[in-house]
Each structure stands twice: as C-alpha cells, then as structure tokens.
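Enquirer: Two chains, two separate frames, one set of hints: put the complex together.
Protein sequence lines, in the order shown, are assigned to chains S and W.
If you're matching positions, the first sequence starts at 0 in numbering that gives the first Met the number 0 and goes up one per residue.
If you're matching positions, the second sequence starts at 0 in numbering that gives the first Met the number 0 and goes up one per residue.
Hints were generated in silico from the structure; no laboratory data involved.
Don't take every hint at face value.
What the hints assert, rightly or not - These stretches of chain W come out as covered by chain S in the derived footprint (C-beta under 8 Å, 3 or more residues):
1. 301-308
2. 561-567
Claimed, not checked - Residues of chain S placed beyond 10 Å of chain W at every Cβ, according to the derived structure:
3. Ala9
4. Ser10
5. Pro12
6. Glu51
7. Glu63
8. Val67
9. Phe74
10. Ala91
11. Lys95
12. Arg105
None of the values given here were measured: they were computed from a predicted structure.
A virtual CB, placed ideally from N, CA and C, is assigned to each residue, including glycine.
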Amino acid sequence: MGNCQCTTKASDPRWQKLDEILAEWRDKPGNVIPVLHKAQELFGYLPREVQEYVAAGLGVPVTEVYGVVTFYSLFTMQPKGRHTISLCMGTACYVKGAQAILDALREQLGVGPGETTEDARFTFEVMRCMGACGLAPVLVVDEDIYGKVTPEGLAEILEKYE
Amino acid sequence: MERFRGHVLVCAGAGCISSGCFEVEKALKASLAKHNLTEEFRVVETGCIGTCDLGPLLVVYPGGVFYQKVEPQDVEEIVTEHLIGGQVVKRLLYKDPKSGEELEKIDQIPFYSKQLRIALRNCGQIDPDSIEEYIDKDGYKALEKALKEMSPQDVIQQIKDSGLRGRGGAGFPAGLKWQFTADAPGKPKYVVCNADEGDPGAFMDRSILEGDPHSVIEAMTIAGFAVGAEKGFVYVRAEYPLAVQRLTKALEQARQRGYLGEKILGSDFSFDIEIRVGAGAFVCGEETALIASIEGQRGEPRPKPPFPAVSGLWGCPTLINNVETFANIPAIILNGSGWLQEIGTEKSKGTKVFAIAGNVNNTGLAEVPMGTTLRELVFDVGGGIPGGKKFKAAQTGGPSGGCIPEEFLDTPLDYESLSKLGAIMGSGGLIVMDEDNCMVDVARFFLEFTQDESCGKCTPCRVGTRRMLEILTRLTKGQGEDGDIEKLEALGNLIKSTALCGLGQSAPNPVLSTIKYFRDEYEAHIYEKRCPAGICQSLLRYEIVAELCQGCGLCVRVCPTKAISGQRREVHVIDQELCSKCGNCLSKCPFGAIRKY
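Okay, chain W solo, but in the shape it has when bound (with noise of 0.2 Å):
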C-alpha cells in the first residue's frame, strides 16, 4: 500500500449508497484517469463512516480531510486542487454549527471526536471486501494469539476478567455464556452470531458487517476454539442483502487464508462458518426463537432455563452473542483484559455503539466510552435539535426501552442507570424527540408495533399488548375516558411479569415510561381532547384568523371535504364538522391566516 501517494476513502454504507456514492466513486475514478493518477491514489470502498445525513463523504488521506455532501460534478475541482495542488477545497468541507468554522480534519469534528471506536475500529477505514486491509490492522493476530499462545480456558478467562456485557440488549456478562457453555456437556456445540438486528432505529450490527465482517469471523473462530465447537451460524435479518454479500465475500477469504476450515493455522482446531438468513420476524431477535429459525421452525420462543449454552440449536450447547459484542473480542484478546477495564464505568466496561436518529443534527453511528452522559450523545455528537426546537426526550432500546425526558439528559449511559429510568440499552438505538412529537402517539406506535410481532405463543402478549393498544388508540382518537391510564399501568405490569419472552416482558416500556414521565400528556388527550404536540390528528383544530384572511379563496380549492366557505374577498370559515384535518390549507395559505390547534 505504500507505494500509493495518497487515499481516497468512500463511504459506501448503506445511507451513502442511497445518497449516490456510487456515482460520486465513478466520477473520481474517471477524473484520476484522466489526469493519470490511478497509480498514485487508490480509490477505497469502505464501509459506514459514520454521519449519515452528510453523505456521500470522501476522506483524503494523508492528512484525513473530511468532504461532505459531495456531487459527482464536485470531484474534478477535488482532483485538482487538493490531489494535484495540495490545496483543500472550503467549500466541501464541514461547517461547525455552533461556530460556523470550516473544520478540515475528520477527527476535528465534534461528532468524531468524542467517540473511542474499538467494535467500529475498521468500519469507514478500511475496504471491507479486502482480507489484506483487514489484516493489515492487525487482522486475525488475535485469533493467532489464542490459538498459539493460549489455551480455551484462559481465552474465557481474559473475555470474564475483561468485564465486557452482551451488547444486544440485556448486558449479561459475555464470559459467563462462554464459560457455561464451555462446561456444558454434549457434543457437538455451536457459536451462533444473533445479527437479526430488528430494533427499528439500530443499525449498527449492519454497519460492522458491511463495514469489518472479518472482525466477526474472527471473533467467532476465536469464540468456537474457546467453548469446543466446530460449526458456527451467523443469522442475518433479510433486509440487509448488502451485509448478506460482504459477509459471504469475507467467508471465502477467510477459508482461502486458512482462518476458516480444517485445521486452522496448522493448530487441531477446525471451524467454519454458515450464514442464515431470517424471514422477517422480529421476535427471532430473542435468542430462543432465532435458534428455532436456524432450525426451520416458526421463530416462537420457548421457556428458559434450559438456556441456550446448555440446549440451544438442535438441543446442543450452544453460545450465542450479537454482532457488536463478538466484534469487542479481538481486540480484547489482543489488548489484554485490564485495557478494557479501564474504559467505561465500573458495572459497564468498555464502549457502546448508538445509533442516533430523530429530530437531531447528525444523525449516524458513534461509538462512545459507557458513561457517556446523554447530554454529550444528544448535544455535543449529536449536536443539538434542529430548527431551534427544544429537546423532549430521547427514546432508547426501541420496542422494548423507554424515553427518557429533559431532566435526566445528565445520566451516565450505562446498563444500571438505564434501567433504573424505566428505559434499557437495548441494542443502542437513540431516537431524539423534540416538542413536536406526542408521546401518547410514540407509545402507541411502538405498541403497534409489538402488538404486530408477537408472535401469539402466550396470551399476556398476545391479547396483552392488544388491548393496551386499543387503550391506546382511543386515546389518539379523543375517546379516552377516566381511568385509562391507570388501567395501562395495570394491564402494562401484569404482562411485564407474566409473558414468556423478552418481546412480551419489556412491550409495556415505551407505554410505561411515557406514563411516568409524560403523565400530563395522557391527561390531556383524555379529559380536555387536547394532544399538546399537535400530532393526533382526531384531537386538531384548524381555524381561520379573521384579521389575516384575504378571502383569496385558495383553501376553498384545496380542501377535500369542501369544509370551507365564504365569499370571494371575505373572511372565510372551517365547519368543524366536515373538517378531515388533512391540513392542505394550512400549508397552502399564503397569508399564514390558518392556525392549527
């Protein structure tokens, strides 16, 4: 790689590629042909950057120059100026919000320079369709390292002494899983790799299998030599076809090299690996119910124990992590325990990756210490709410988490501070709220939600989660009554502690905690027909302004239900009656004489 003069780094995940990377990635080829210099810059593919709203972004190394928001007719004047000239072009470059300073460095940028990468350590960097880019960071040293240098025990012991928690939801302690599986009798065993990413609003396990599946792999042969097993199964959610063909990709590499396979390294270890792709089910994200899908059954979750180190997939031991958390593992093996004992807080070791979403500035992946206030994800990496709106709550662990208002934005994120707000970690989803969401319509959304997978195997979460939508909708629709709400928590308890499996127990989250925190929301919409945020449509009112309407009659052309009348030149008025608020007037008035209520 040296003898290139310099790299251009395009990101082609998945937000990039739907901003047109591709075409930006054809026009710098063409332009470096052009002016001969295909020798002397490479042209890198990489995976997620990370800031998704600015792509597609390129970043020129030396030096890491950062472009955003870049259009194929942009690249002749980068070619020039910067690759040729040496002058970096302003205009592309990231604007500071705050200061409206130019910041020209990748690691400048407030939302970089807050984050430790160590699960995303390759993803943006690196070509991941290439083994030797991956092996040049030091790829696969630490499946090397255990296989020569350790023994299976002391793998699981560095992984326990380590501290490091699952990072798909429940933060069990990953050393535990290994060391039970380890010791479970049975043969044959399995290490199965759960990347049935299905929280809406998490994208992160996507990104690291676009973007380093080689971490995975190697986590996963590390993980198979450790607990016994030869045969391992990564479950991939259908909707990622791209994260499908890089892994497959990376396999055949991997099995080339001698990473996968028979005798590994010419150590006795033989492992590989399958893909499995999932159907489109979200409860197959529950460890249970994914091993049953790897089976070929309907992905219904069964009672545990037995768990699954003990009887998992065809009822043999079987040890199952996500996708961040095995990506954790190599650079566990290589950095030593006591590295990633110093990162984090003291229950929580290491990082988490968070997806942030919403009504925030930037939105995309970051991967920040634990302990990281919510304050410094939602203002300083995410920096701030735009239009000048006020920050409302922040949602975490989609379906099964909670929201989490303004006056914890100060907690340290971590697995205990989560819970004890009534929200969990879940796989790291961050959805930022401003004003203008209603938190009746949230919960109610994600109640559709749940409501529409469970998957019917139990009757808490099966009419359970109906009824609380029902409840719910009613009130959306005005027709809340007294009592509503204390029937939801009520309702909202009991499936907590009597459903099957972690969909059905954490369903009633998002209705909770918004009860908790935004009881007078409820009210609202109940007693006085009101939905503050101006979101449930049944509860609004349009009316005209008398003083500002010119009688243009514009509405009048608009409105659907021909709910407006009045003559030509004079102040016209809304019948409630025949009202559909649609809100076409509103938005079609050019004297802003509609007021929405």
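Same shape as in the complex, but just chain S (with noise of 0.2 Å):
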C-alpha cells in the first residue's frame, strides 16, 4: 500500500475505529470472527483492503482471514444497497410458498438472489430460515419482519424504502 492510502486512511475515521476493534480483540483466542462481523458493520463489507488490515492487525495470515470471510454467507466482499431484502427460504415458508415471492421479487427488482440493483437501493438475498415460521412465508427488509407476504403485498412493502 502507498502512502496516498494511508493518508486516506489517516483522515477516514472508519479506519481509526477499526484500530480501536483491533487493539480490544488483539489478545483475546478465537478473535477472527467477531472483529470481522465489526469490520463489515463498519465498512458495510469486507474489501480486500480490510481483510489485510485485519489480518495484520491481529498478527494472522491473511489467507486464514479470507479463508474465513469466503466460509461463512454472512460475510460478504460485495458492496451492499442501502436496503437489504432477505426472502426467507427455509422450510415452512418454503411450503407455504415463498418459491413465487421468489420470483415475484426477481421480477419487480430485476435481480436475482445475491445481487444488488443498479440503483444500490435493494441487495437482494435469501436466507435459511430466521424462526418465524410461524408467519410464513417471511420477508425482512433491514431490521423489519414482514410476515404472510404474498405477491401481491409486495409492492406495497418495497415502496416503504427510497
């Protein structure tokens, strides 16, 4: 990395505060894990740079770091829309017929499942299951449950986000 960087990242606070996550988990076993989940809150994913950031800071192979972020589906090196759409799939919705808001949403958004609009206003993603089966099939939009969502509602739901 040159020096124009690091003057970049001298001025951007992100960075400073990814120091502070750093010098709190530097010691601490199994640290990984969580100082990446902290990394991706504040960076909103995790970029090459940040990954070797990381692994710097907390004295671990880079591969291992990345290792880890291409694991686990939480992590991701894609930068996100200013919405998150995350269509349950899991079994009851599944049965109860999330496979149509599936494809109703592929429709009306024009992407598909792990993608992002070309306005970055929705990231569209599937989970597995978020336990309210009980409403399926279900919808999250950032931190909002939609339960019994149907084709039709999904306008509706859509329009709540700019």
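Expert: Quick look at the structure:
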C-alpha cells in the first residue's frame, strides 16, 4: 500500500475505529470472526484492503482471514445496496409458497438473489430460516420483519424503502 | 409485584413483533395512563407465548384471559370493558374451530391444554429483561442448591438418573456427556451452549433465549460447577439479533447479582459466560464445526473421536449441549431426577418442544411429553389442516430428518420410534404438509439446502449431495429416467455410511424417506411425466375448458408469452409449446375456465 492510501486512512474515521477494535480484540483467543463482524458493520462489506488490515492487526496470515470471509455466508466482499431484502427460504416458508415470492421479487427488482439493483437501492438475499415460521412466508427488509407475504403485497412493502 | 391489581402480558416474540405488538403495547400504555391505571396494572413484555399466527397476543391476569389478533384500536375497549368494567371482550377471544365456542382462558385452548412446559416454563410468563421476575419463579435456586448442598458428582449423578437426553439432534444422554467432561484430564475446561439453531423450521432455541435467557445462564453455570469449568460460551446465530440482545442484558444482570463471576454465592466456584455470534453457516450446528468457529476458523467439522468432552475448544475438555437441553437443567436440579423419570416414555424421558409450522391451523411452539403421538400434535395441538385439505406427511428433524406419512400418525414421538421410521427427532422442527405439497420437490428442496451448506471437506457430502440434487432436479423437470430411483437409493446409502459429519451422514434422509413412503410420486414424475400434487411447474399443463370459456380475452392480456389465442367471444386455446406455466391465466379467468393438470 502506498503513502496515498495511508493519508486517506488517517483522515477516515472508520479506519481509526477499526484500529480501536483490533486493539480491543488482539489478545483474545478466537478473535477473527468477531472482528470481521465489526469491520463489516463499519464498512458495509469486507474488501481486500480491510481483510489485509485485519490480518496484519491480529497477526494472522491474510489467507486465514480470506478463508473465513469466504466460508461464512454473512460475510460479503461486495458493497451492499441502501436496503437489504432477505427472503426466507426455510422449509416452512417454502411449503407456504416462498418460491412464488422469490420469482415475483426477481421480476420486480430485476436482479436475482445475491445481487444488488443498479441504483443501489436494494440488495436481494435469500436466507435459511429466521425462526418466525408461524408467519411463513417471511420477508425481512433491513430490520423490519414482514409475515404472511404475498406476491401481490410486495410492491407496497418495497415502496417504503427509498 | 403484589401491589398491582393485575398484569397484562404482551407477547414480544419474533412472530408478534412482526405482527405489530409494539404498537399495541404503546396504545395499551397510553390508555392505562389516560385512565390513571398505570399504578394498578403492570404491562409485561414477555418472550414468545407460542401461538405465533394468532399475534399480537395479550394475556390479562388475574384469570389468564387470552386475547388474540389484537389491533391498537382494540386496546381502549379492553381497558374500559375488562380492566375497569370486569367484562371480558368476547370478540377478541380465541374461537375453537371445532365447536365455534369462544374460549376465555389460555389453558382452555387446545394448543396449550395438551402441553407440559418444562423448558418453556417461563417463556411468555415473565419479562425476559427482568432478573427479578426470573428469581420470583424459583430462578437461580437450582444454582444455589447445587453450590450449597451438592457436590459436582451429585449434580452429574442427578442429571444421569433423570434420563435427560440431548435435545439438539442425536439424543445422546446428557449426564454421560457431563461425566465424560468431568472425568477428562486437562485444564482449563469449557462449557458451550449450542444456540446455532440452523434447522429451517425450528425456533425453540430462539424462543428460549429471547423469552427466558436466565434459565440458560443458570444451567450453564451449574454445568460449569459440575464438570469443573470456569468459562462458558454461547454460540448464537447472527440471524437472531434479539436473542443476542436479551442474553447480553441477562448476563450483565447475573454478574451484578453475583450469579456469575468470582466466587459465586460465596462459594469457591467462579464462572463467566461470553457470547459468540455465528456468521451464517448451517454446518456450525455440528459440535466440532461449532468449536472450530468459536476458535475463529472456518467451521469445518473433524472426525470423532476424540469427542469434545476429551478434546474440544482449543484442545481442552469441553461440554457442549444445546439451548433446550440446558433449559431443562434447573428444573431437574430443583425437582429431583425421579420427577423427570415420571414423564415421557421408557427410553425418552421428559418433554420435547416442537416447532409446528407449514400447512397446519395453529403454528407455533408446543412442549409436550415424549411419547405424545404425531396425530395429537398435528390435529389437537396444531388444530388440523386448513382449508379442509388432507394431511399428507409431517417432516421432522429438518434437512437431516424424514417425512412421516399418514399411516404412522399414531406413532409416539420419541427418539427410537422416529428413527425407526427413517426420520429423526432432530431439534424438533415439525413441518406439516398437505395434499398440495409434492414430495419429490420437498426432497429436492432439502438436498438443495444441504448441498449449499456442505462445507466441502469430505467428498461424499461435497460431490454426493450434488449428484443427488442433479437427479432430483431432473425429475422435477420431467427429465427423469428409468433407474433414477435406484441411483438415488444407492448414492444415498453410500453417503450415509461414508460422510465425515452428521450433516453429510443425514443429508440423504429426506430423499430416502420420501422414496420409502411416496415411491408412487417419484414414479409418476419419471414414467408419466406428471406431478400429482401440481407443484413441479415443468410438468404442469394449463388448458381451457371449451364449455366454460366466454372468449373475454382477459387471459390473452395477462399471458406473458402470448401463448393464448382466439377470436373475441369464441373459445380460446393455449399453445402448449409457448406456455411458460406461470399460472396468470388461471388466477385471472373470471369463469373458472382454465384447468391445471
């Protein structure tokens, strides 16, 4: 990394915060995953630069950090949209028609699971059971949970998020 | 608490939160303030009460009057009529679907009356954010008893004698695990709570952590005392932020009160608990993978033995039990091992929490004695199948389990009976399927899941599940061939006997059990290119019934592939070559002239 990036880092409070997180966790065993959670909260995703910085800060090989990032589905190396739509495709939701919701979302958003809309408004994700099976099919937008969702009701939900 | 005239419990489980319970609670508090009743009625935000699809729920004490599907605008009526006037608001009561009768009290409702709550004893009864309420319900008394009146070996013996088996899947005797960990040489030792509830369709661990976090903390501390550990970890899924939040708060309260930390309750025993949040990997529910994940590595399982009791976290002896198992512990310590022995069947003691979901009238969490039949669970507790449809199968044990058909509805639910049927108890997920669910498609769904979640370490699971999924996908697309069923069986049995961990070894179960009980459906897909349940899109055929078609042209306008043609006011036809089987025409036709085969 050249000098230029270092000056950017010095002026960006997120890197200072990351330094604090690294200092707090450095000596604790099993620190890689908790630190990556916090780093992703900070940056929204885990680009290569952040992974290298975390590896150096914790004194572990960057391959190990990269191995962890690619293993767990909640860690992402792609920037996310302003809002994240997570459609539950757990068993209860599936038998209650989640596939039809997935098809309708794909049509309305124009992107498939794992992708972000061109205007960066939505990132569309599929998840495995959020434990609200009594309300299947379930859709989560950011922190809001919607139960008993229908393809017809989707537009009204999406409207709320700009 | 006695100074209050009554309590109003507001269910704040995940289900009710998404149904809008906080708006109801706000309206309730505003109404109580308006009538100057804030000092007389206490509003308690509880964990999951159980009947998720009836939410938002309010339960009024004294009396235990159960109000369902409460909207913010209903609250004023409850306050004026019931709390002030003493008259129950009938229109908000639960109506028994069989008799049509309005049931006033929570314990009259069939969903609750068949239950026996041990693990869920406080869920929906107390405010999970209040350690005082937990203490009021005999909380931390078991810990006190263990520390002051029992030796570590007494505690282990009591758990062994109770017959408690692990509630997370395989049903290994809990007391033996405790004994192995206590006997293992080496220090330090660890206690781990597996809260990585990954089976889709199971949410009891979530509800316990959200509704009664102190019971898990108390149990882990007792376990630490028994096996000689000073440190515990709770490994929670990242998908459960509310559980993490409530547990974090409960841990702080327990430390402040001296139930955690140095020299607990004046004894020489010190113990503390740390939360570790997962990052989205189903395989981490497997204990060796979970341990790798706490250590900060990729969550890949390793061969056993050595078992975690001997060599677990950082190579040290580690006791690992799941949330529901732990939630049973304080009750066993307080009531004695003989008490649990009285409940359940010969080899499966106590109760089991089932998460009932799918095509069933009452969805939610129900804790019943082991040995309760599937019929009682689906038809009495679950209230049967909606829309007058026919029961087809119940899927237990998630992606590791199997489908149980109608002829075995009277099977008592315990570990042995379920595995005899090719299913497993697993964590207690119970998905009810009706005649509209295609069993081949369901098997494909589970294989897609396990294939996706396979960590890739061993070949049978990494490659084998993929090959099985390819065959199943072909079947659902009408490209099945003679011999496919036999191939699935051979491959499935091979994976079962050769995969490294429980995920791989059990991945073929949903396929093998559906072949066993629903072979005719597989055959229909292969030889007749037909999906009897009408689910597999590629095998469907939409046709227009000439006698009913009025030639209005509505279907032509909604068809995305222009597959429908016909003159106005004349019978239309669907070109099967062009039809994408989206079903738009079927849902739009006002004359019911379109049929799906």
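Enquirer: Indicate, hint by hint, whether the structure satisfies it.
Expert: Right, here's what the structure says about each hint:
no.: 1; hint: 301-308; result: violated (count 0)
no.: 2; hint: 561-567; result: violated (count 0)
no.: 3; hint: Ala9; result: holds, 28 Å
no.: 4; hint: Ser10; result: holds, 30 Å
no.: 5; hint: Pro12; result: holds, 24 Å
no.: 6; hint: Glu51; result: holds, 17 Å
no.: 7; hint: Glu63; result: violated, 8 Å
no.: 8; hint: Val67; result: violated, 6 Å
no.: 9; hint: Phe74; result: violated, 6 Å
no.: 10; hint: Ala91; result: violated, 4 Å
no.: 11; hint: Lys95; result: violated, 7 Å
no.: 12; hint: Arg105; result: holds, 13 Å
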